[in-house]
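Engineer: Line by line, the protein sequences give chains A and B.
By my numbering, the letter at position 29 of the first sequence is numbered 29, and the numbering carries on one by one without gaps.
By my numbering, the letter at position 381 of the second sequence is numbered 381, and the numbering carries on one by one without gaps.
Some clues are possibly wrong.
Unchecked claim - Using 27 Å as the maximum straight-line C-alpha spacing, the simulated DSSO-like pairs for lysine-lysine come out as follows:
no., chain 1, residue 1, chain 2, residue 2
1, B, LYS321, A, LYS37
2, B, LYS525, B, LYS353
3, B, LYS562, A, LYS11
4, B, LYS260, B, LYS353
5, A, LYS81, A, LYS11
6, A, LYS11, B, LYS321
7, A, LYS37, B, LYS158
8, B, LYS353, B, LYS158
9, A, LYS81, A, LYS14
10, A, LYS14, B, LYS562
Simulated from the structure, these hints should not be mistaken for lab results.
Chain by chain, the residues run as shown.
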Amino acid sequence: MPDIQELPLLKSAKREALAALGIWLAATIYSLGYCYKHGYGRDPESLTYVLGFPDWVFWGLVVPWGACTVVASVFAFCFMKDEELPESGQ
Amino acid sequence: MLAATDISNPGYSVLFALLLFIGASVWLGTLAQKAMEKKEFLKGFFLGNRGLGAWALALTATVQSGGTFMGFPALVYSHGWIVLLWIGSYMVVPLLSFAVVGKRLAQLSRMTDSFTVPDLLRERFADPRVGLVSSIMIITFMSFTMFAQFKAGATIMKHAWPGSGVLALSEDYEPTASEKAESTNGSAGAAAKSASKPIDRKYYVGLVVFTVTVVGYTLIGGFLASVWTDLFQSVMMVIGVTILVCLAVPMAGGLEQATKTAIANTSSDIAFGPGYSTIGREFLTPGLALSMFFIWIFGGFVSPASMVRVMAAESTEVMRKSICLLSCYNCLIYIPLVMTCIAARTMLPHLEKPDEVIPRMSMLVTEGLPFGPFISGLILAAPFGAIMASVSCFILVISSGLVQDIYVRFLHPAATEAQVRRATNVSMISVGLIAVIANLDPPQYLQALVVLSASGGGAAFTIPVLMACYWRRTTAAGMLAGMLVGFCFYFGLSAAGWIQNWASTATDSSSLARSVIQVLGPDPKIGVPGLFRPYYILGIDPMVWSLFVSAIAGVCTSLVTKPPSEEHVSRFFDVAVVK
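I would like the entire structure built from these sequences, with the hints used as guidance.
Structural biologist: This is the structure:
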């Protein structure tokens, strides 16, 4: 008697989709939050520079951008699972 | 003597670079044709036999059009650092593009043996209506976007054209003072006037050359030709951006100095949100910034062009590598482009046309270099390459829709391979012809349709595609509701914006306009200026609202309609394991 199970690819794809959406949510909250707090309605005199970038651009966008690139690479090489794709037409 | 001056003229080097791009594309087209020979025609032509590697998938699956090299830099030049927040969600676009639906779409498209998105959806729900509606929507959206790209391609060719002499060319490149004034005051009037000038013959020549090239090589090489030329231009683009940023930032005295000079030349707004503006419009309010984090993500991974490419991926390993490649690529493109355009405020403080920031910067920074004109020519040709690549992709998706989803499915199910091949040729050439005719005298409202199509597709497809991939209970009716409600809601809010925009300019003369303003409220003065900005509820872009509405409609309709047969769903969700 064969047992009906969910496709293995579907299982890992769901897990990865949720994780990716989680990363998107975290990036959005951090970047928007930081830029909203430090990039809007600020006294121009208080602006400092980090590596030439205005401070809020550096900490709110450049750093998370770099972090996301690292996270995406870790995701791609350590978390995402390879699955067999079916032959076309099956 | 004359030849020497000609070569140093940027126009000639641009033309040379354009010809190089065209030549390379045609060459890649013939290579692609060889690669797909001896395989089944439709799958080879429209899907490259599902053999895309990591580089090809990564660098071509997200939408990069001429906009990346023209519209985006112009925004940075006009509004300053805040534009990096505007594009900020690109930090996660690569991950989301492939990790959310990538694997599952590749699997479903193989299970259903389909090579277009409508085909996949039709099989998944065993309902021709789902296929037909999605097919019509995709063809319509992509047509509008594509027609505008034809215009852009023809315009670039016009600018590169050597014309009757060097003087005429430089006149074309640098509009006279009166023309400049006109173009900044009333763009509609200036456009109308320039359209009547005899010099615009070049536009028609450009249009024809552009069309023949793109339709030609797409016809020869199909999907692979489109992907390879896209890959080629993406590589050229990253080289161009790297050269630009390495030259421009030091010339402006370093990044910090560039920002300080930009502040001195404009105001401190250029270093903060919501961005610098000369017309008192807030470019990126926090609400709109939030919207952009939705728009780029959810407009991206369900765009028909990128779904087709994911379907063509060779394996899941290719997708994993693509995530990494594309993440690095985006880092190298967007942050350096912003840095370059901030530096431009030092070197070219008061450009009349911000669209020209990259062309002018590339000429300026390469001036003293050996092969300077050649390098700037290549940088100038990059948007042309991007436009060619995206048009060829659009032609392909549109004609695959016409051939597979309409001709084979509805008109002639028993078509032989030769007939299908002929239908493909006919449909591609007709798409090209229609594009030329539509662009002979492009209507003003075309821009509205372009904006509408770009985000409208995301509004219509995001939720339905997610449901089709992951939710067993999804019904055909739920799919239709999700697509149609999402799109109609988006269209409604856009139309409300246009009406509001019209009304706010006509309050003095029309009582109807006054009552419209009473209902819709005054122009909020946020976002990008223009006739065709949408209506913002609570300062959030319509796309975000449409996603929510589409989700509600899709889920509720699925729940109240009869569940799909367990046997049919099981085909896509389950596997039998013998114990």
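Engineer: All hints are to be evaluated individually against the structure, with a verdict given for each.
Structural biologist: Going down the list of hints, with the structure as the test:
no., hint, verdict
1, LYS321/B <-> LYS37/A, "35 Å, violated"
2, LYS525/B <-> LYS353/B, "21 Å, holds"
3, LYS562/B <-> LYS11/A, "26 Å, holds"
4, LYS260/B <-> LYS353/B, "22 Å, holds"
5, LYS81/A <-> LYS11/A, "10 Å, holds"
6, LYS11/A <-> LYS321/B, "20 Å, holds"
7, LYS37/A <-> LYS158/B, "46 Å, violated"
8, LYS353/B <-> LYS158/B, "17 Å, holds"
9, LYS81/A <-> LYS14/A, "11 Å, holds"
10, LYS14/A <-> LYS562/B, "25 Å, holds"
Figure legend: structure checked against the earlier numbered hints; hints not met, in rising order: 1, 7.
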